[in-house]
Structure formats: C-alpha cells, structure tokens
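**Q** Sequences listed follow chains A and B, in order.
Quick note on my numbering: the first sequence kicks off at 1 and runs consecutively.
Quick note on my numbering: the second sequence kicks off at 1 and runs consecutively.
I should point out that these hints are in silico values taken from the structure, not numbers from a laboratory.
Some hints here could point you the wrong way.
Identical copies carry no separate label here, and so any pair may be met within one copy or between two of them.
In the DSS-like style, the derived pairs of lysine-lysine whose C-alpha atoms are separated by at most 27 Å in a straight line are [as the list claims (entries may be wrong)]:
no. : residue 1 : residue 2
1   : Lys55     : Lys154
2   : Lys319    : Lys88
3   : Lys122    : Lys227
4   : Lys285    : Lys227
5   : Lys100    : Lys54
6   : Lys319    : Lys101
7   : Lys101    : Lys209
8   : Lys227    : Lys100
9   : Lys222    : Lys285
10  : Lys222    : Lys108
11  : Lys40     : Lys129
12  : Lys227    : Lys101
13  : Lys108    : Lys285
14  : Lys22     : Lys100
15  : Lys2      : Lys129
16  : Lys100    : Lys348
17  : Lys88     : Lys40
18  : Lys353    : Lys88
19  : Lys353    : Lys54
20  : Lys203    : Lys285
21  : Lys122    : Lys40
22  : Lys2      : Lys40
23  : Lys108    : Lys22
24  : Lys348    : Lys55
25  : Lys2      : Lys55
26  : Lys101    : Lys40
27  : Lys319    : Lys129
There are 2 protein chains.
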Amino acid sequence: MKHNFGAGPCILPHEVFQEASKSVVDFNGLSILEVSHRHKDFVAVMDEATALVKKALNVPEGYSVIFLQGGASLGFLISALNMMRESKKASYINTGAWSKKAMTEAKKAGFEVLEAASSSDKNFNYIPKNVVIDPSSDYLHFTSNNTIFGTQFKEMPISDVPLVCDMSSDIFSREINVSDFDMIYAGAQKNMGPAGTTLYIVKDEALGKSTSSFMPTYLDLKTHAEKDSMFNTPPVFPVYASMLNLRHLIKNGGVQGAQERNEAKADLLYNEIDNNPLFEGTVAKEDRSNMNVTFLMNDESRLDEFNALWQDNDIVGLKGHRSVGGYRASMYNALPIESVQVLVELMKQFTSKG
Amino acid sequence: MKHNFGAGPCILPHEVFQEASKSVVDFNGLSILEVSHRHKDFVAVMDEATALVKKALNVPEGYSVIFLQGGASLGFLISALNMMRESKKASYINTGAWSKKAMTEAKKAGFEVLEAASSSDKNFNYIPKNVVIDPSSDYLHFTSNNTIFGTQFKEMPISDVPLVCDMSSDIFSREINVSDFDMIYAGAQKNMGPAGTTLYIVKDEALGKSTSSFMPTYLDLKTHAEKDSMFNTPPVFPVYASMLNLRHLIKNGGVQGAQERNEAKADLLYNEIDNNPLFEGTVAKEDRSNMNVTFLMNDESRLDEFNALWQDNDIVGLKGHRSVGGYRASMYNALPIESVQVLVELMKQFTSKG
Chain A
1 MKHNFGAGPC ILPHEVFQEA SKSVVDFNGL SILEVSHRHK DFVAVMDEAT ALVKKALNVP
61 EGYSVIFLQG GASLGFLISA LNMMRESKKA SYINTGAWSK KAMTEAKKAG FEVLEAASSS
121 DKNFNYIPKN VVIDPSSDYL HFTSNNTIFG TQFKEMPISD VPLVCDMSSD IFSREINVSD
181 FDMIYAGAQK NMGPAGTTLY IVKDEALGKS TSSFMPTYLD LKTHAEKDSM FNTPPVFPVY
241 ASMLNLRHLI KNGGVQGAQE RNEAKADLLY NEIDNNPLFE GTVAKEDRSN MNVTFLMNDE
301 SRLDEFNALW QDNDIVGLKG HRSVGGYRAS MYNALPIESV QVLVELMKQF TSKG
Chain B
1 MKHNFGAGPC ILPHEVFQEA SKSVVDFNGL SILEVSHRHK DFVAVMDEAT ALVKKALNVP
61 EGYSVIFLQG GASLGFLISA LNMMRESKKA SYINTGAWSK KAMTEAKKAG FEVLEAASSS
121 DKNFNYIPKN VVIDPSSDYL HFTSNNTIFG TQFKEMPISD VPLVCDMSSD IFSREINVSD
181 FDMIYAGAQK NMGPAGTTLY IVKDEALGKS TSSFMPTYLD LKTHAEKDSM FNTPPVFPVY
241 ASMLNLRHLI KNGGVQGAQE RNEAKADLLY NEIDNNPLFE GTVAKEDRSN MNVTFLMNDE
301 SRLDEFNALW QDNDIVGLKG HRSVGGYRAS MYNALPIESV QVLVELMKQF TSKG
C-alpha cells in the first residue's frame with residue numbers, strides 16, 4: 001500500500017475506489033459511464049449527493065447545493081459575477097496564490113478589488129488577522145485553506161458584508177457554520193471526490209441578484225439551482241464517486257469524525273516537526289493547516305538521503321511546492337493516521353542515524 | 001447484454017469499461033482517481049489523449065487540441081468569446097434546440113447574431129441548404145448533428161468567413177477536414193468518452209485575437225492551449241477514459257472504420273423504417289442523421305405493445321425526445337450492429353404479428 005500525501009487530486013477511501021470500479025462495469029446492468037443523466041438511476045445519484053452535502057455540513061434551509069464543472073479556477077469568476085451588486089467593489093483577503101487568482105478574475109468580471117488584508121510580506125506563511133473591510137464592498141472573499149503555503153483560517157473572518165469562501169482544500173475536513181456564508185465553492189478533488197466537479201453552496205437570497213451586464217447562462221448559479229445541477233449534462237462519474245465518498249464520510253462519524261481524525265494526524269506530524277532538530281515548519285504555529293503540512297529539512301547535505309528514505313517506504317507526493325520548497329504532507333480526510341505514523345517514524349529514524 | 005440506444009451519455013466499448021474499471025483500483029499502484037494531475041503518469045495520459053485526437057482526425061499543424069470542462073453549454077460561450085473580432089456580428093445556422101442555445105450565448109457575449117439559415121418552418125426536420133452569410137460576420141456557426149431532431153449535415157457548409165462547429169454528437173463518427181474550421185468543440189459524452197470533459201480543436205491563428213472586453217482567464221482558449229490543458233486541474237478520469245476510447249478507435253480502423261460501421265448500421269435501420277408500413281422516419285431523407293435515427297410508429301393503438309416488446313428484449317434508451325415524439329435510436333460508434341439487428345428484427349416481428 002502506498003502512503004499518498006499528494007496535494008490533489010489525492011487519496012480517497014479504498015472502499016470508494018472499490019465501489020466506483022465496480023460501477024464502471026456494472027451499475028444496475030449498465031456501466032455508470034453509459035447511463036443517461038436523465039435516467040432515474042442517475043437522477044437518484046445527483047439527489048443523494050446533494051442531500052449528503054446538506055447532511056454533512058448541516059446546510060440550513062434557504063441554501064442551494066450545486067454540482068458544476070470548471071474547478072475553483074472557474075469558481076473565481078462565477079462567485080464574482082453572481083455576487084456583483086451596486087458598488088462593484090469587492091474585498092479579498094490575500095493569503096497567496098489562490099487568493100491572487102481569485103482577485104484577478106474579480107477584476108476581469110468588472111470589480112474594483114480591495115485587499116482587505118495580506119500576508120505577502122512574509123511569503124504568506126501566516127493568516128493575516130487585521131482585516132479591514134470597506135463597508136461598501138459587495139462581499140468579502142477568502143481562501144479557507146492554502147494548499148501551497150500550508151496555512152488555514154482557524155477562525156473564519158468576521159464580516160458585515162456577505163462572506164464568500166473558496167473552501168476547495170478543507171471543505172468536509174472540519175465543522176463549519178454554513179449560515180455565516182453567502183457562498184462557498186470548492187473543487188472536488190481533495191475531500192469530496194475525484195477531479196471533475198465543483199461544489200457550490202449558495203444562499204438562495206443571493207441568486208439572481210447580480211448587477212453584472214455580462215451573465216452567460218452557464219455562469220449564472222440561478223440556472224443550475226433551478227435545474228438541480230441538471231441544466232446540462234453533469235460530470236456523471238465525478239458526481240457519482242463524490243456521492244460514494246460522502247456516503248463513506250457520513251458512515252464514519254461525518255464531518256465531526258473527520259475533524260477529530262484530522263486533528264490527531266496534524267498533532268502527530270507537527271509534534272515531530274517541532275521536536276525533531278532536523279526539521280522545521282514553515283508556517284506561524286497558530287495558522288498551521290491541518291490539511292497541508294509544509295516543512296523544511298535543515299541539513300541540505302542529507303536531502304538526497306531523506307528523499308530516498310521516504311520514497312523507498314512507499315510514500316508518494318511529499319515534495320513541496322516550488323513557492324515554498326522543502327516538503328508538503330497533505331493529509332486529507334482519507335489519509336489514514338497509519339500513513340502519518342510511517343512518516344513520523346522515518347523522520348525519527350533519519351535523525352537518529354545522522 | 002443491454003442494447004443501449006441512449007442519446008448520451010451513452011454506450012462506449014466494453015473493453016473501455018473493463019480497462020477504466022481496473023484503473024480505478026490500480027493505475028501504476030494507485031487509483032487513477034488519486035493520481036496528481038502533475039504526476040508524469042497522468043501527464044502521459046493527457047499527452048496521449050491529445051495525440052490520439054490529432055491522429056484520429058488528421059489534425060494538421062497549426063491547430064491546438066484542448067480538453068476542458070463545462071460541456072457544449074459552456075462551449076457556446078467560449079466559442080463566441082474567442083471568435084469575437086471587429087464586426088461583433090456572428091452568423092448562425094439554426095437547426096434546432098442546440099443551435100438556438102448557441103445563438104443565445106453569442107448574444108450574451110455581445111454579438112449581433114444573424115440567422116444565416118433556419119429549418120424552424122418544419123420543426124427542424126431538415127438541414128437548410130440556402131445559407132446566406134453576411135460577409136462581415138466574425139464567423140459562421142453550425143451544429144453538425146442534431147441529436148433531438150435527427151438531422152445531420154452531410155456536406156459541411158461552405159463559408160468565406162471562419163467556420164465554427166459544435167460537433168458534440170458526431171465527432172469521430174466520420175471523416176472530416178479539420179482545416180475547413182477555425183474551431184470545433186464537442187462535449188465528450190457521445191463518441192469520445194464519458195461525460196465530464198469537452199474537446200476544443202482550434203486554429204492557433206485564431207487564439208488571442210478576441211476583441212471582447214470581457215475575457216476571464218478560464219474562458220480564454222489561449223490560456224489552455226499554452227498550458228497543454230493543464231492550466232488548472234483537468235477532469236482526470238473523464239480524460240483518461242476518453243484516451244482509452246480513442247485508443248480503441250484507432251485500433252479498430254480509426255474514424256474511417258467507424259464511419260463504415262456507422263453507415264452500415266444507419267442503412268440497416270433506415271431501410272427497415274422505409275420498408276415497414278408501421279413506421280416512418282421524421283426527417284428529410286437526404287439529411288438523416290447516422291447518429292440519431294428519429295422515427296414514428298403509425299398505429300397509436302399498438303404503442304404500448306411495441307414499447308413492451310423492445311423493453312422486454314433488453315433495449316434501452318429508445319424513447320424519442322419530447323420535441324419530436326416517437327422513437328430515437330442513437331447509434332454512436334460503440335453500438336454494435338448486432339444491437340441494430342435486434343431492433344430491426346423486433347420491428348419486423350411486430351409488424352408481421354399485427
């Protein structure tokens with residue numbers, strides 16, 4: 001078995017792979033890949049996936065759950081277009097690469113973009129606390145977890161203007177209060193399912209209120225909310241596999257259970273990083289991500305040795321992003337604590353050998 | 001075995017289902033669903049899928065092949081935005097539901113949309129031949145095959161302005177001359193693969209030339225051409241399954257082989273429709289689609305009996321679209337001629353019993 005610490009697309013539960021594999025050859029007598037999206041068997045899949053999202057996150061009445069395509073990269077645009085109101089000003093918390101891309105698309109959508117806070121002064125190694133929101137902003141946008149820099153909002157920002165969040169890399173990993181948000185969007189490929197679908201959770205009151213003069217049909221969330229994500233052919237298999245994964249989540253204690261397991265994994269690895277003289281974390285302790293643990297090895301002369309060690313022990317995906325260097329251990333919901341134990345043991349072993 | 005005449009998502013080759021199923025549990029030691037899109041094994045998949053499209057369609061030098069998301073419904077917008085030039089006028093051939101949706105999105109993109117021809121006078125049961133193209137049009141758009149109405153362009157329209165085609169439902173079913181087009185786009189879920197990816201074949205000269213003041217990053221095809229479809233996380237599994245299907249196509253005589261088989265299937269079924277007094281086709285003979293055969297049963301009193309007959313014989317997906325009524329036999333590349341023989345035999349049997 002490989003220990004998959006990849007940043008995404010990433011590990012999902014073994015049972016999900018088994019069940020999805022089976023359905024590619026037999027889903028009620030057909031392959032899931034050849035079933036019409038209008039067939040009752042797939043309509044049931046879409047309905048269940050939607051219901052499971054609502055259950056897992058305690059989505060209150062008055063919110064729509066939508067499965068689309070295009071990833072967060074299209075979500076940057078869709079969120080901005082749909083949230084445009086009178087002022088055409090939008091405030092963004094800049095916590096690195098993904099926030100910056102979101103800001104770029106808001107500008108392209110026609111917004112005056114205001115930086116409400118930024119951690120660019122320290123290469124985004126912390127979450128800025130001093131958030132200054134222009135009260136005329138149509139919304140405040142933030143990225144709840146930053147895969148590249150390994151930071152995570154532990155407390156969601158407090159805002160008098162509508163709150164919009166790109167939650168791609170930590171949705172379903174911890175409990176959240178959906179009613180704090182006007183819109184949450186998330187690419188599937190971390191904790192929800194395989195790549196190829198993008199989740200939107202949007203307050204119904206926020207639908208159909210855009211003042212954008214440019215609103216193509218596919219980019220209008222109202223289109224998709226009214227058609228239960230079936231305006232056009234949805235990405236059948238990614239939605240199906242997401243449904244299987246959400247079923248698995250609910251059966252295993254839901255988001256609360258996942259959060260407890262994620263905290264235990266994070267404690268285990270950060271503890272080793274802090275106590276092992278050869279390693280150091282790159283992020284301010286209070287802002288460390290439970291999803292993506294970024295760290296450095298202090299002895300450059302032994303880099304090859306450490307890389308060979310983890311690679312020889314079936315660990316994959318540990319290489320850090322070029323913006324930070326070093327290592328990044330992504331520990332999404334499906335990564336078992338046993339994989340983290342293997343990594344920690346190797347770090348101990350490596351140091352004691354030195 | 002079921003005989004899947006569904007209009008899409010639809011039948012793919014059995015071997016593709018088998019291989020795709022296997023890779024969901026084991027693709028070089030991981031699941032294809034958990035492989036990073038930046039891993040060399042998936043980069044190789046994307047490269048091969050791109051190369052296979054080029055090979056299958058003899059795509060000449062100077063064209064880019066791109067895998068995106070969003071279906072043709074987003075393609076209506078993307079094609080219009082990317083093809084916008086000085087005049088901001090665009091000519092469309094209106095052959096029914098999909099053409100009309102394409103025209104709507106071009107208007108939303110800021111075009112003055114001109115109807116170069118239409119078959120709306122006869123509920124779109126033919127392909128209009130008298131195409132009048134305003135020479136100042138930025139492009140001429142058409143839908144090569146019309147799934148709902150069962151019509152298909154047998155000859156591509158001749159145009160002095162750049163030609164853009166929504167080829168969703170007959171790409172890879174017959175030989176085409178890519179150099180006639182500035183842009184071809186197609187949702188995967190007929191002859192290319194499962195739902196969840198959308199193919200664009202675009203002349204490089206046409207990239208980056210848009211005069212649209214609105215050009216978000218994801219909607220700009222130049223973005224994706226420059227990044228080899230890896231600007232953001234692609235829909236990994238739909239691209240992978242498409243690659244498997246394209247491999248299967250090439251191994252089985254390529255597009256030329258598929259075209260011969262598709263013509264044989266169409267001849268078989270249309271011949272029965274024309275010779276069986278209980279059935280009649282809905283489309284002008286010269287414009288009949290080889291992909292979607294629309295037909296009516298003449299004796300209303302025996303509808304239930306006919307429906308029971310095909311359903312009892314493992315045929316699925318034969319119900320016609322509500323806009324036409326009756327029946328629609330979709331016969332995409334992967335549908336074996338044996339399935340058509342089963343249907344034709346049932347039609348004969350049914351009539352002889354009457």
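**Q** Work down the list of hints and note, for each, if the structure agrees.
**A** Checked hints:
{"no.": "1", "hint": "Lys55 to Lys154", "in the structure": "within (22 Å within a copy, 51 Å between copies)"}
{"no.": "2", "hint": "Lys319 to Lys88", "in the structure": "neither (40 Å within a copy, 48 Å between copies)"}
{"no.": "3", "hint": "Lys122 to Lys227", "in the structure": "neither (45 Å within a copy, 29 Å between copies)"}
{"no.": "4", "hint": "Lys285 to Lys227", "in the structure": "neither (44 Å within a copy, 36 Å between copies)"}
{"no.": "5", "hint": "Lys100 to Lys54", "in the structure": "neither (29 Å within a copy, 35 Å between copies)"}
{"no.": "6", "hint": "Lys319 to Lys101", "in the structure": "within (23 Å within a copy, 45 Å between copies)"}
{"no.": "7", "hint": "Lys101 to Lys209", "in the structure": "both (24 Å within a copy, 23 Å between copies)"}
{"no.": "8", "hint": "Lys227 to Lys100", "in the structure": "between (32 Å within a copy, 19 Å between copies)"}
{"no.": "9", "hint": "Lys222 to Lys285", "in the structure": "neither (41 Å within a copy, 41 Å between copies)"}
{"no.": "10", "hint": "Lys222 to Lys108", "in the structure": "both (21 Å within a copy, 16 Å between copies)"}
{"no.": "11", "hint": "Lys40 to Lys129", "in the structure": "neither (49 Å within a copy, 39 Å between copies)"}
{"no.": "12", "hint": "Lys227 to Lys101", "in the structure": "between (29 Å within a copy, 16 Å between copies)"}
{"no.": "13", "hint": "Lys108 to Lys285", "in the structure": "neither (35 Å within a copy, 48 Å between copies)"}
{"no.": "14", "hint": "Lys22 to Lys100", "in the structure": "neither (41 Å within a copy, 39 Å between copies)"}
{"no.": "15", "hint": "Lys2 to Lys129", "in the structure": "neither (38 Å within a copy, 60 Å between copies)"}
{"no.": "16", "hint": "Lys100 to Lys348", "in the structure": "neither (37 Å within a copy, 65 Å between copies)"}
{"no.": "17", "hint": "Lys88 to Lys40", "in the structure": "neither (42 Å within a copy, 42 Å between copies)"}
{"no.": "18", "hint": "Lys353 to Lys88", "in the structure": "neither (59 Å within a copy, 70 Å between copies)"}
{"no.": "19", "hint": "Lys353 to Lys54", "in the structure": "neither (50 Å within a copy, 53 Å between copies)"}
{"no.": "20", "hint": "Lys203 to Lys285", "in the structure": "neither (33 Å within a copy, 51 Å between copies)"}
{"no.": "21", "hint": "Lys122 to Lys40", "in the structure": "neither (53 Å within a copy, 32 Å between copies)"}
{"no.": "22", "hint": "Lys2 to Lys40", "in the structure": "between (37 Å within a copy, 17 Å between copies)"}
{"no.": "23", "hint": "Lys108 to Lys22", "in the structure": "neither (43 Å within a copy, 43 Å between copies)"}
{"no.": "24", "hint": "Lys348 to Lys55", "in the structure": "neither (41 Å within a copy, 52 Å between copies)"}
{"no.": "25", "hint": "Lys2 to Lys55", "in the structure": "neither (31 Å within a copy, 36 Å between copies)"}
{"no.": "26", "hint": "Lys101 to Lys40", "in the structure": "between (39 Å within a copy, 25 Å between copies)"}
{"no.": "27", "hint": "Lys319 to Lys129", "in the structure": "neither (29 Å within a copy, 59 Å between copies)"}
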